[in-house]
Every structure is written in structure tokens, then in C-alpha cells.
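Heads up: the sequence lines are chains U and F, in that order.
For the first sequence, my numbering assigns the number 1 to the initial residue and increments by one for each residue that follows.
For the second sequence, my numbering assigns the number 1 to the initial residue and increments by one for each residue that follows.
You may find that some hints are simply not true.
To be verified - SDA-like, lysine to any residue: derived pairs with alpha carbons at most 20 Å apart:
{"hint": "1", "chain 1": "F", "residue 1": "75", "chain 2": "U", "residue 2": "399"}
{"hint": "2", "chain 1": "F", "residue 1": "222", "chain 2": "F", "residue 2": "267"}
{"hint": "3", "chain 1": "F", "residue 1": "112", "chain 2": "F", "residue 2": "101"}
{"hint": "4", "chain 1": "U", "residue 1": "410", "chain 2": "F", "residue 2": "112"}
{"hint": "5", "chain 1": "F", "residue 1": "32", "chain 2": "U", "residue 2": "37"}
{"hint": "6", "chain 1": "U", "residue 1": "365", "chain 2": "F", "residue 2": "127"}
{"hint": "7", "chain 1": "F", "residue 1": "32", "chain 2": "U", "residue 2": "34"}
{"hint": "8", "chain 1": "U", "residue 1": "297", "chain 2": "F", "residue 2": "248"}
{"hint": "9", "chain 1": "F", "residue 1": "75", "chain 2": "F", "residue 2": "2"}
{"hint": "10", "chain 1": "F", "residue 1": "32", "chain 2": "U", "residue 2": "29"}
{"hint": "11", "chain 1": "F", "residue 1": "32", "chain 2": "F", "residue 2": "127"}
{"hint": "12", "chain 1": "F", "residue 1": "84", "chain 2": "U", "residue 2": "315"}
{"hint": "13", "chain 1": "F", "residue 1": "84", "chain 2": "F", "residue 2": "127"}
{"hint": "14", "chain 1": "F", "residue 1": "75", "chain 2": "U", "residue 2": "320"}
{"hint": "15", "chain 1": "F", "residue 1": "248", "chain 2": "U", "residue 2": "414"}
{"hint": "16", "chain 1": "F", "residue 1": "104", "chain 2": "F", "residue 2": "114"}
{"hint": "17", "chain 1": "U", "residue 1": "410", "chain 2": "F", "residue 2": "245"}
{"hint": "18", "chain 1": "F", "residue 1": "52", "chain 2": "F", "residue 2": "126"}
{"hint": "19", "chain 1": "F", "residue 1": "32", "chain 2": "F", "residue 2": "2"}
{"hint": "20", "chain 1": "F", "residue 1": "272", "chain 2": "F", "residue 2": "286"}
{"hint": "21", "chain 1": "F", "residue 1": "284", "chain 2": "U", "residue 2": "453"}
{"hint": "22", "chain 1": "F", "residue 1": "84", "chain 2": "F", "residue 2": "48"}
{"hint": "23", "chain 1": "F", "residue 1": "95", "chain 2": "F", "residue 2": "79"}
{"hint": "24", "chain 1": "F", "residue 1": "112", "chain 2": "F", "residue 2": "122"}
{"hint": "25", "chain 1": "F", "residue 1": "75", "chain 2": "F", "residue 2": "59"}
{"hint": "26", "chain 1": "U", "residue 1": "365", "chain 2": "F", "residue 2": "193"}
{"hint": "27", "chain 1": "F", "residue 1": "248", "chain 2": "U", "residue 2": "420"}
{"hint": "28", "chain 1": "F", "residue 1": "284", "chain 2": "F", "residue 2": "253"}
{"hint": "29", "chain 1": "U", "residue 1": "297", "chain 2": "F", "residue 2": "222"}
{"hint": "30", "chain 1": "U", "residue 1": "297", "chain 2": "F", "residue 2": "154"}
{"hint": "31", "chain 1": "F", "residue 1": "84", "chain 2": "U", "residue 2": "316"}
{"hint": "32", "chain 1": "F", "residue 1": "75", "chain 2": "F", "residue 2": "147"}
{"hint": "33", "chain 1": "F", "residue 1": "84", "chain 2": "U", "residue 2": "365"}
{"hint": "34", "chain 1": "F", "residue 1": "75", "chain 2": "F", "residue 2": "128"}
{"hint": "35", "chain 1": "F", "residue 1": "112", "chain 2": "F", "residue 2": "88"}
{"hint": "36", "chain 1": "F", "residue 1": "248", "chain 2": "U", "residue 2": "296"}
{"hint": "37", "chain 1": "F", "residue 1": "52", "chain 2": "F", "residue 2": "34"}
{"hint": "38", "chain 1": "F", "residue 1": "284", "chain 2": "U", "residue 2": "420"}
Hints in this document: simulated from the structure, not taken from any laboratory.
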Amino acid sequence: MDTVINDFVQVLRRHQVRVSPAESLDALHALEQTGLGERGVVRDTLRTTLIKNLEDIETFDRLFDLYFSLRPTAEKRTAKLDVHDHDHGQPTSMEFGEDAEGEAPDSEEHSHEDSENTEFRRHFDEDKMRPSEDIHGEADKMRLSMFSQELILNRKPGALDQALQRITHQLKLRRARGMFSPGDLVTHGDGGQELPLDVSAADFQGLVDHLHDLEVDESLIRQLEEQSEEILRTLPQLIEQMVERQKKLEKKKDDSALMRRSLRKVFDYSPAEQRETEAAIRRIARQIHGAKTRRLKQDRTGHISVPHTLRRNVRYEGIPFNPVLRRHHEKRPRVVMLCDVSMSTRNMSRFWLHMVYQMQSLFSKVRTFVFVADVAEVTQFFEDSSMDRAVDQVFSGRVLDADVNSDFGKAAEQFRNEYLPSLNHRTTLVILGDGRNNGKPPNAGALEEITQHVRQTIWITPEPKWGWSLGSCDMPVYEPFCDRVEVVRSVDQLAGVAEELVKARV
Amino acid sequence: MFESIEDVRERLAEQEYVCDRRLATVVYLALKLDKPVLIEGPAGVGKTELAKSLAAAADRSLIRLQCYEGLDEAKALYEWEYGKQLLYTQVLREKIGEVLGPTKGLREAAAKLREQEDVFFSENFLVERPILQAITSETPPVLLLDEIDRADEEFEAFLLEFLSDYQVSIPEIGTVEAEHPPVVILTSNRTRELSEALKRRCLHLQIDYPSPEVELEIVRLKAPGVGDALAKELVETIQEIRGLDLRKSPSIGETLDWARSLVVLGAPNINKDLIEETLSVIVKYDRDAEKVLAHVGGGPDSKDLGQKEPTGENPNEAMYEMHRSTHKHTH
Chain U
1 MDTVINDFVQ VLRRHQVRVS PAESLDALHA LEQTGLGERG VVRDTLRTTL
51 IKNLEDIETF DRLFDLYFSL RPTAEKRTAK LDVHDHDHGQ PTSMEFGEDA
101 EGEAPDSEEH SHEDSENTEF RRHFDEDKMR PSEDIHGEAD KMRLSMFSQE
151 LILNRKPGAL DQALQRITHQ LKLRRARGMF SPGDLVTHGD GGQELPLDVS
201 AADFQGLVDH LHDLEVDESL IRQLEEQSEE ILRTLPQLIE QMVERQKKLE
251 KKKDDSALMR RSLRKVFDYS PAEQRETEAA IRRIARQIHG AKTRRLKQDR
301 TGHISVPHTL RRNVRYEGIP FNPVLRRHHE KRPRVVMLCD VSMSTRNMSR
351 FWLHMVYQMQ SLFSKVRTFV FVADVAEVTQ FFEDSSMDRA VDQVFSGRVL
401 DADVNSDFGK AAEQFRNEYL PSLNHRTTLV ILGDGRNNGK PPNAGALEEI
451 TQHVRQTIWI TPEPKWGWSL GSCDMPVYEP FCDRVEVVRS VDQLAGVAEE
501 LVKARV
Chain F
1 MFESIEDVRE RLAEQEYVCD RRLATVVYLA LKLDKPVLIE GPAGVGKTEL
51 AKSLAAAADR SLIRLQCYEG LDEAKALYEW EYGKQLLYTQ VLREKIGEVL
101 GPTKGLREAA AKLREQEDVF FSENFLVERP ILQAITSETP PVLLLDEIDR
151 ADEEFEAFLL EFLSDYQVSI PEIGTVEAEH PPVVILTSNR TRELSEALKR
201 RCLHLQIDYP SPEVELEIVR LKAPGVGDAL AKELVETIQE IRGLDLRKSP
251 SIGETLDWAR SLVVLGAPNI NKDLIEETLS VIVKYDRDAE KVLAHVGGGP
301 DSKDLGQKEP TGENPNEAMY EMHRSTHKHT H
């Protein structure tokens with residue numbers, strides 16, 4: 001079971017769902033409690049232990065359906081194994097053909113083993129399996145040893161089923177990993193499908209050999225061999241299903257095309273200029289306020305705090321020699337950047353994104369969104385990849401359609417609907433855009449609502465004020481909602497703005 | 001405490017808390033694994049109510065800590081009673097001579113005094129706040145940390161020790177561990193994202209607005225005065241209103257308020273006029289009220305969602321909004 005869960009977790013991770021090892025352990029413990037009896041319960045259990053962000057729930061549901069969808073074969077087995085479990089006296093039942101008992105040798109369920117079994121296990125630990133003939137390396141060998149071990153431990157026909165089930169399952173998993181890994185040269189055609197058959201044959205042979213080594217009942221082995229043939233016969237269908245499923249599980253294409261494009265340099269900034277930008281941004285950032293905390297902290301100025309003063313002055317017999325002052329501190333600001341990446345500002349937006357990138361690297365609490373007519377969050381790109389790469393990703397058209405006419409009204413509406421909860425009174429909203437809506441309604445209401453939720457709004461536009469009256473620029477409509485509107489076209493100007501802001505404060 | 005998931009569900013139902021299987025599963029797991037549960041969802045879907053019902057169903061006391069910005073350890077965990085400490089020092093001043101007795105030199109006196117010093121940093125002078133209460137309580141209570149998203153991030157960080165090990169460290173005394181881990185329920189309205197670390201330590205549960213069936217059941221349970229037909233109609237209407245693009249959709253709490261007010265008014269069925277009169281019960285914003293009325297008045301007493309009013313795109317309305325907003329700003 002744990003391999004299955006682990007593999008499922010791997011799939012989740014591949015789809016950008018963050019699951020920590022602690023959480024997957026939790027999932028396993030939780031499944032021990034609920035059992036695998038009902039699909040719905042398993043789903044809820046996994047969901048509550050693995051998924052902590054609402055955005056991920058949808059992904060989880062989709063993947064769960066896909067991942068645990070080999071129903072037809074699984075159901076047959078379930079029925080069979082339930083019976084086995086009953087006379088075994090254990091509350092475990094099967095689903096999807098996984099073994100509820102888990103493989104962890106120290107798991108509680110093994111506590112019912114008698115001394116004979118433990119002897120067997122000891123034997124195994126020393127033996128450590130045959131030397132490597134197995135093409136799949138250490139991990140798979142170990143797994144093989146585990147289930148063959150369990151098979152012997154149980155000495156029941158039902159165990160064979162489990163073991164075989166597991167073999168087929170592992171085959172599926174192995175296939176799932178191998179096939180789409182980056183740089184894989186295997187074509188997805190017929191050639192690819194034959195491979196697992198060989199693999200499985202090797203595995204079975206290995207298992208059988210191993211059983212011989214251990215001097216297990218001949219009948220048991222024969223039984224195993226018979227069943228293996230049956231499994232081998234049905235394997236192609238299983239694999240087909242698997243490939244089908246895997247295709248769905250696999251997400252986007254690889255990024256190779258994108259990689260190539262990003263080889264060219266996006267910015268030809270000299271290091272000096274970069275430093276200048278950074279310094280300017282730092283200066284601006286100092287002007288971005290966070291909210292006052294309600295928690296008081298000791299300081300040299302502020303109000304006198306009676307309990308603290310009393311406590312500190314106990315040593316002077318309660319005479320307040322040494323008053324304690326406390327005051328509210330200012331929180332670190334949170335910044336939300338909303339950046340226009342449309343055609344009209346294309347020249348600027350690369351500069352802006354550079355700025356955004358700097359902002360994000362300087363502050364921990366920066367979220368970045370880009371918009372044209374739709375809004376998309378790109379915080380992650382800037383965090384994960386290098387700047388050039390991130391900028392390229394933004395313009396690649398995968399995040400949003402960057403080639404339509406910009407429409408801040410619509411973007412603001414969307415932003416309001418989707419991301420309003422991420423704003424609060426500590427947030428500073430920085431909008432980078434020219435406010436040109438190409439004749440679409442400006443939708444000042446949405447912007448107004450957004451600005452009401454944040455501490456301050458700074459709009460940075462490339463166009464000087466006299467240009468606003470030309471063409472369809474909605475800046476005059478938006479301006480009243482912003483605490484500041486700054487014109488920035490270059491690093492110099494940015495530095496200038498920073499200076500202005502600093503002066504304004506003093 | 002509970003034997004199975006079904007058991008959880010039944011016992012909660014006894015407390016008039018209607019829940020689906022998912023919720024019951026999470027509650028069951030939380031109790032079995034001794035893990036805190038983090039419940040997220042819009043306001044008024046019964047997050048807090050779950051904690052209350054659970055406490056009642058499991059026959060445990062409920063300790064509630066309402067979080068707010070600026071909440072700190074002194075309010076949530078423990079506080080030394082400075083006043084009491086001072087008072088005791090004053091009162092015991094004479095006693096000290098007695099305790100010290102005839103001593104040779106200061107060193108011995110100091111040593112003797114040191115033997116007594118934990119008198120002043122003992123539990124006697126400790127004011128227990130909710131979390132410490134939950135830990136030291138003889139019978140494990142249900143601890144509700146309500147609206148955790150309102151507290152500061154520092155507070156979250158400080159909760160981590162408690163949430164993972166059910167213990168708190170008090171510098172002067174040491175680590176206080178819970179003998180029986182309390183059932184911890186955290187609720188959040190998602191006004192901000194909680195930290196990964198906190199989420200990782202909890203089971204996560206998302207509660208949303210209920211399905212019509214569940215809501216109908218809730219109305220029947222909690223507002224028994226409402227007739228079957230009316231209840232059905234009421235729930236349908238509410239569900240429809242939730243389908244509109246509102247700033248604040250009516251929650252279960254509002255459904256129940258509405259149901260009760262309809263009972264008070266003795267309304268036989270729901271019609272446009274009635275909705276108009278009682279709208280303030282379910283919708284709390286002007287702009288939302290407009291939308292609901294436009295929707296209800298959409299066709300002659302038909303409330304068909306299929307012909308949803310294009311409220312957002314309506315240019316007149318946009319004009320109205322603009323007018324309103326500029327108007328507001330001139331003030």
C-alpha cells in the first residue's frame with residue numbers, strides 16, 4: 001500500500017501539488033484507521049491528509065479518479081481477498097488490488113507473526129537477496145523480496161493473489177515512471193509496449209528462483225508459476241489501460257522549445273544598471289508601508305506599560321526607576337504587483353518584469369500577477385526560475401493570451417473575483433500599466449473595490465500626464481483611486497521616483 | 001470515543017448538526033490520529049458550529065479562543081500574575097527572615113533563598129489562557145481556535161509547537177505536555193493564506209455551501225416552524241441567489257434567519273414582494289440587493305436561473321456603479 005500511496009504522491013507532486021513526507025505518512029496512518037473498504041472514504045482520507053490548499057483540490061480529484069481507475073481487474077480481486085481477510089481475522093480489506101498490510105517491516109500489523117515467521121524474516125535480512133541480475137536496481141529487488149517474503153510468511157493461497165497483484169502493479173508503476181521521463185528516447189509506439197512483458201518475465205523468474213532458494217513448498221511455487229502465466233497473458237491489456245491512463249496523468253509537454261527560445265538574453269542590462277535598479281527598488285520598498293501591529297513591543301519610545309514596569313522594578317521595591325515603554329511596530333509590508341504585459345506596453349513590460357523580479361527577490365511577501373485581458377498569477381515563475389526564463393514563460397502565451405488588446409477593466413474584475421482574499425490592510429498594490437483599455441469600459445468600480453481592500457495603491461505608468469488625454473487612456477478615471485501615480489520609463493526615473501518618495505516621507 | 005465514521009455522523013446528527021460523509025471522515029480521523037483539523041470555508045457554513053456540536057456529541061467541554069489581530073501568548077497561552085507576585089513578596093517579607101533563620105554568611109542565606117525561589121514562578125501565579133487550559137485539563141476538551149486567519153503570522157508560528165506535540169514551553173517552568181491530547185479545531189475564513197507549516201500539521205477540511213438536500217434538512221431541523229413546501233421553496237430560492245455573482249452570498253445562518261422571519265411573518269409561500277420586504281435578512285450589501293431584485297423581477301414571478309440577468313455587463317448598471325463611486329469620492 002505504501003508504494004501505491006507514495007507513487008500517488010509523486011504524481012501529485014509532478015502536478016505542482018506540494019505534499020510533504022510528513023503528510024504522506026499521515027495519509028498512511030489515516031488509511032490504517034479507515035481501511036481501504038470504500039472508495040469514497042479513501043478519497044476523503046487522502047484528500048484531508050494530503051491536500052491543504054483549496055486550489056489543489058480540483059487537481060487532486062482529477063488525479064485520484066485517473067490514478068485509481070483500473071477498476072475492472074481490481075474489483076474481481078477485491079471480492080476474493082475480502083474473504084481471505086475475514087478468515088485471517090484482520091480488519092483490512094482490499095481495493096484496487098493493493099495490499100492493505102503495507103510493506104513496512106516494522107508496521108504494527110506484523111505483530112501477529114509467530115516466532116517461525118520472524119525467523120524467516122531474519123533469514124531474509126541476512127540474505128539480502130541474490131546478486132543483481134535484475135535490471136531494475138536495488139529498490140525493485142527489495143520490493144520483490146518484501147512481497148515474496150510476505151508470501152512465504154502467510155503460506156496461504158490468498159497471499160499468492162496479493163503477491164501477483166503486487167507484481168502487476170509494480171510493473172505498472174515502473175512503466176509509469178520510465179515512459180515519460182525527460183530525455184526518454186523510447187517511442188511511445190509498439191516497441192514501448194513489449195518491454196514490460198520482458199520485465200515481468202524476469203521478475204517472475206527471479207521470484208521463482210528465490211522461492212527455490214528458500215526451500216518453500218513445491219506446490220506453492222507451481223501455483224505461482226501457473227498464475228503468473230495468466231497474469232502475463234492479460235498483461236498487454238493492463239498495460240494498454242495503463243498507457244491510456246498515464247497519458248491522461250501526464251500533464252503538459254516538456255519545456256524544450258521554451259528552453260531554446262530563452263537562450264537569447266532578454267535584458268542587456270549592465271551590472272551597474274542592475275545594481276541601480278535594485279537600489280531604487282529598495283528605496284521605494286522602504287516607503288511601502290505595512291500595517292501597525294496590535295501587539296506592543298518594548299521600545300525606547302511609546303507608552304508606559306504598567307505590568308512590565310512593575311515587574312522590572314521589583315528589585316527597587318516597586319519604585320519605578322526603570323519604566324518600560326512599549327509601542328506598536330510596523331509590520332513588514334506585503335506587496336501585490338499587477339503588471340500589464342500587453343502589446344502597447346511590450347517595451348516597458350520587460351523592464352517592469354525585471355523590476356518585479358527584483359522586488360520578489362528582495363521581499364518575502366510579494367505576489368505577482370500579469371494581465372492583458374485576463375489575469376494570471378506568475379509569482380511561482382519568478383521564484384522558481386531565473387529571470388530570463390521567467391520572463392519568457394510569461395510571454396510564451398501559456399499563462400495567458402498576451403496578444404489580445406489590453407483590457408484593464410476586465411482584468412480588474414477578474415482579479416477582484418478571484419484574488420480579493422489575498423489582499424488585506426497590510427497589502428500594497430503596485431499596478432504597472434498604461435491604463436489604456438482600447439475603448440473597453442474602464443470598470444472603475446472593480447478597481448475601487450480592490451483599492452478599498454489594500455493599504456495603499458501605487459500606479460506606475462510609462463506615460464507622462466499630458467499624454468493621458470490622447471487616445472483612449474483611462475488613467476484619469478483610475479487616478480483618484482490610487483494613492484500615488486508615478487511615471488517611470490527608465491532606471492533613472494525609477495531612482496527619481498524613489499527619491500521623491502523618500503523625500504515625501506521626511 | 002467514536003467507533004466508526006457512521007457513528008460520528010449519527011452522533012453529530014443527534015446534536016442537530018447535519019454533515020456529509022467527508023466531514024465525518026475527517027472528524028473521525030482527527031480523533032483517531034490525534035491531529036488538529038483546519039476547517040476553511042466562507043462565513044456562515046457551520047465551521048464553528050461543528051466544534052460546538054462535536055464537543056456536545058463527545059461530551060467534552062469546549063474551550064474557545066477567538067483569534068484577532070494582535071493576539072499574543074499572554075492572551076492565548078498563559079500570563080504571570082504580576083500583581084499577585086508583588087503582593088506575595090510584600091506579605092511574605094517578614095516571613096523571609098524566619099525561613100532563612102540563623103545562617104552563616106550571605107552565601108548560605110542565598111542558597112537557602114534559592115530553595116524557595118520557585119514559589120514565585122509556580123503554577124500559583126500562572127493565569128491559564130485557553131491553550132494551556134486545554135493542555136492541563138483533566139478530561140481532554142475540544143479546543144476551538146476560531147478564525148485563525150485573523151491572528152498574526154507570529155501567532156501561527158507560535159501555535160506550531162502546540163499543534164504538533166500538544167505541548168507548550170514556559171521558560172520559567174519548563175515544558176507542559178498534555179496527558180490527553182485535546183481535540184483541536186481551527187477555523188479560517190481565508191482572509192489570508194495560512195502558512196504551509198500550519199497546514200501541514202493539520203487535517204484539512206473545506207466546507208462549502210451545502211447542497212439543496214442538506215440545506216433542506218438543516219432548515220427542517222433548526223427552524224421547525226417552517227412548513228415542508230415553504231422550506232423547499234425557501235432553500236431553492238437561496239440556492240439560486242447563491243448562483244448569482246454576489247459580494248456576499250447568503251450563508252446557512254442567513255437561510256435560517258430568513259426561515260425564522262418567514263415563520264414570524266406567517267408567510268404561506270415565497271413571492272417577489274415577500275423577498276423584497278425581507279431581503280435585508282439574507283443580503284447584506286446594497287449592490288447585492290440590487291442584483292437579487294433584478295434577478296427575482298426578471299420574469300413574471302419566475303425565478304428561472306436559466307435566464308440569468310446579465311447584471312455585470314449591463315451598461316446602465318456600470319454607469320450607476322461609476323456614478324456611485326465618484327459620488328463617494330467627492331465626500
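Evaluated hints:
no.: 1; hint: 75(F) with 399(U); result: violated, 45 Å
no.: 2; hint: 222(F) with 267(F); result: holds, 18 Å
no.: 3; hint: 112(F) with 101(F); result: holds, 9 Å
no.: 4; hint: 410(U) with 112(F); result: violated, 76 Å
no.: 5; hint: 32(F) with 37(U); result: holds, 17 Å
no.: 6; hint: 365(U) with 127(F); result: violated, 36 Å
no.: 7; hint: 32(F) with 34(U); result: holds, 9 Å
no.: 8; hint: 297(U) with 248(F); result: violated, 36 Å
no.: 9; hint: 75(F) with 2(F); result: violated, 32 Å
no.: 10; hint: 32(F) with 29(U); result: holds, 10 Å
no.: 11; hint: 32(F) with 127(F); result: violated, 31 Å
no.: 12; hint: 84(F) with 315(U); result: holds, 16 Å
no.: 13; hint: 84(F) with 127(F); result: holds, 11 Å
no.: 14; hint: 75(F) with 320(U); result: violated, 25 Å
no.: 15; hint: 248(F) with 414(U); result: holds, 16 Å
no.: 16; hint: 104(F) with 114(F); result: holds, 15 Å
no.: 17; hint: 410(U) with 245(F); result: holds, 15 Å
no.: 18; hint: 52(F) with 126(F); result: violated, 27 Å
no.: 19; hint: 32(F) with 2(F); result: holds, 9 Å
no.: 20; hint: 272(F) with 286(F); result: holds, 17 Å
no.: 21; hint: 284(F) with 453(U); result: holds, 18 Å
no.: 22; hint: 84(F) with 48(F); result: violated, 35 Å
no.: 23; hint: 95(F) with 79(F); result: violated, 26 Å
no.: 24; hint: 112(F) with 122(F); result: holds, 18 Å
no.: 25; hint: 75(F) with 59(F); result: violated, 26 Å
no.: 26; hint: 365(U) with 193(F); result: holds, 12 Å
no.: 27; hint: 248(F) with 420(U); result: holds, 13 Å
no.: 28; hint: 284(F) with 253(F); result: holds, 13 Å
no.: 29; hint: 297(U) with 222(F); result: violated, 46 Å
no.: 30; hint: 297(U) with 154(F); result: holds, 13 Å
no.: 31; hint: 84(F) with 316(U); result: holds, 17 Å
no.: 32; hint: 75(F) with 147(F); result: holds, 15 Å
no.: 33; hint: 84(F) with 365(U); result: violated, 43 Å
no.: 34; hint: 75(F) with 128(F); result: holds, 9 Å
no.: 35; hint: 112(F) with 88(F); result: holds, 18 Å
no.: 36; hint: 248(F) with 296(U); result: violated, 34 Å
no.: 37; hint: 52(F) with 34(F); result: holds, 18 Å
no.: 38; hint: 284(F) with 420(U); result: holds, 18 Å
The structure fails to meet hints 1, 4, 6, 8, 9, 11, 14, 18, 22, 23, 25, 29, 33 and 36 from the earlier list, while all remaining hints are met.
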